[in-house]
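Could you put together the complete structure from these sequences and hints?
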Amino acid sequence: MGSVLLAGLLTGCANPGPPRAPSLHLPSLPRDLSADRSGDVVELRFTAPRNSTDKLPLRAATISGTLCRQVGKGPCVTVPGSGGTFPRVDAGGRPTIVVWHDSLPADLGSGPRRLLCYRVELFNALGKSAGPSDPAYVVAGTPPARVEHLTAEGSRKGIVLHWAPSTGDAGEVLLRREGRASLPPKEAAKAESATPKRTSTLSLNDDRTAKQDVVWMSAVPDAADRSQNRSLDASAVLSVPYRYQAVRREMVKFGGRTLELRGELSDPVSITLQPVFASAAPTGLVAAAFSNATSPGVAGPFAVDLVWQPVDDADIAGYNVYRERIDASGAAVGGREKLSPTASREPGFHDATAKANERYRYSVTAVDTHGNESAAATTVLEPSEVQ
Numbered sequence: 001m002g003s004v005l006l007a008g009l010l011t012g013c014a015n016p017g018p019p020r021a022p023s024l025h026l027p028s029l030p031r032d033l034s035a036d037r038s039g040d041v042v043e044l045r046f047t048a049p050r051n052s053t054d055k056l057p058l059r060a061a062t063i064s065g066t067l068c069r070q071v072g073k074g075p076c077v078t079v080p081g082s083g084g085t086f087p088r089v090d091a092g093g094r095p096t097i098v099v100w101h102d103s104l105p106a107d108l109g110s111g112p113r114r115l116l117c118y119r120v121e122l123f124n125a126l127g128k129s130a131g132p133s134d135p136a137y138v139v140a141g142t143p144p145a146r147v148e149h150l151t152a153e154g155s156r157k158g159i160v161l162h163w164a165p166s167t168g169d170a171g172e173v174l175l176r177r178e179g180r181a182s183l184p185p186k187e188a189a190k191a192e193s194a195t196p197k198r199t200s201t202l203s204l205n206d207d208r209t210a211k212q213d214v215v216w217m218s219a220v221p222d223a224a225d226r227s228q229n230r231s232l233d234a235s236a237v238l239s240v241p242y243r244y245q246a247v248r249r250e251m252v253k254f255g256g257r258t259l260e261l262r263g264e265l266s267d268p269v270s271i272t273l274q275p276v277f278a279s280a281a282p283t284g285l286v287a288a289a290f291s292n293a294t295s296p297g298v299a300g301p302f303a304v305d306l307v308w309q310p311v312d313d314a315d316i317a318g319y320n321v322y323r324e325r326i327d328a329s330g331a332a333v334g335g336r337e338k339l340s341p342t343a344s345r346e347p348g349f350h351d352a353t354a355k356a357n358e359r360y361r362y363s364v365t366a367v368d369t370h371g372n373e374s375a376a377a378t379t380v381l382e383p384s385e386v387q
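Be aware that the sequence shown starts at 1, since it is given in full-length UniProt numbering, and climbs by one per residue.
Derived by calculation from the structure, the hints in this document are not laboratory data. Careful, some of the hints might be misleading.
Listed next, the in silico BS3-like pairs over lysine-lysine satisfying Cα-Cα at most 25 Å (straight line) [stated by the list, open to error]: (1) Lys55 to Lys128; (2) Lys73 to Lys253; (3) Lys355 to Lys338.
Right, here's the structure in full:
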């Protein structure tokens, strides 16, 4: 009886632990704050927190926040006009990706290079916070010069971009490419005509480019032209609308930290690469005539064999072979005759219809899978060149 009573007492006296203080529902600090400067505009991104500082799920539908800016070792001063409320989750139930923009004042957008840092502070419904976040850094001061007069044109190798040269040490040029393949037609047309605008105050959820395939590329000159004001995008896909912008950047060091400083984006240029560019012409075309005698003193059938170096392009469908009679001065006698009814797949051709003692000019062109025909490789066969 006593042991049962003791067991009951022990069971009823389990230690519940220290009482837990009521949650203040303070939003936890953003852990992924990033800052990127382009021209005189700084873009800041962070993910809205799911939990409070005491690791309990936040219940409020919205969160408010402010932004402060610090120059060098000075105080972090609230950015004028900053402060906004954003939804805790997006329409899909995921934490909101918050995008804010800060237009730098003239004294920070120009002049000597200085270290600039930003911090975000988030508040609960009662205006209480857990303090500012860890900093995100950018470079204040004069940015690299803006890329001017950006143009784009198609080529056999891809899309070629040109821009005006810049004086002095202008920094590296980057290219921003937006693909339009996945956008609905109306939205693609709207985005095609849109020009980036400067933001004078902070804005939220600027996701205009979220639905676009955005690729950043270093400017790579064409192998045939090493100009610093020309770049080839060999990865562009046929029939896909693209929009390009260019920007100059420099890498700036502050102690052990290296930061990127970009200039203002150029005006956009739009282009769709069309399959209208022919390949290079075949090379090394040689014609050899021969006549195999059937018996001593009796001429045999006359023929001409042609060989050439193939074109090293993946989309070559074959080669067209042409022949025309010419006189001693090289003038054509009659029209040019196509010998190959369909494009020849091999880099050679046997002409069994040629006649001895005629002077011929042979020409060979390459044809790609889109029907584009190259310039011609030519050679002349003299009557005396019979083997």
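Is Lys55 close enough to Lys128, meaning Cα to Cα at most 25 Å? This hinted pair holds, its Cα atoms lying about 16 Å apart.
Going straight from one Cα to the other, do Lys355 and Lys338 come out at no more than 25 Å? Cα-Cα ~16 Å, so holds.
25 Å Cα cutoff - pair Lys73, Lys253: holds, 16 Å
This entry satisfies every hint, going by the numbered hints stated previously.
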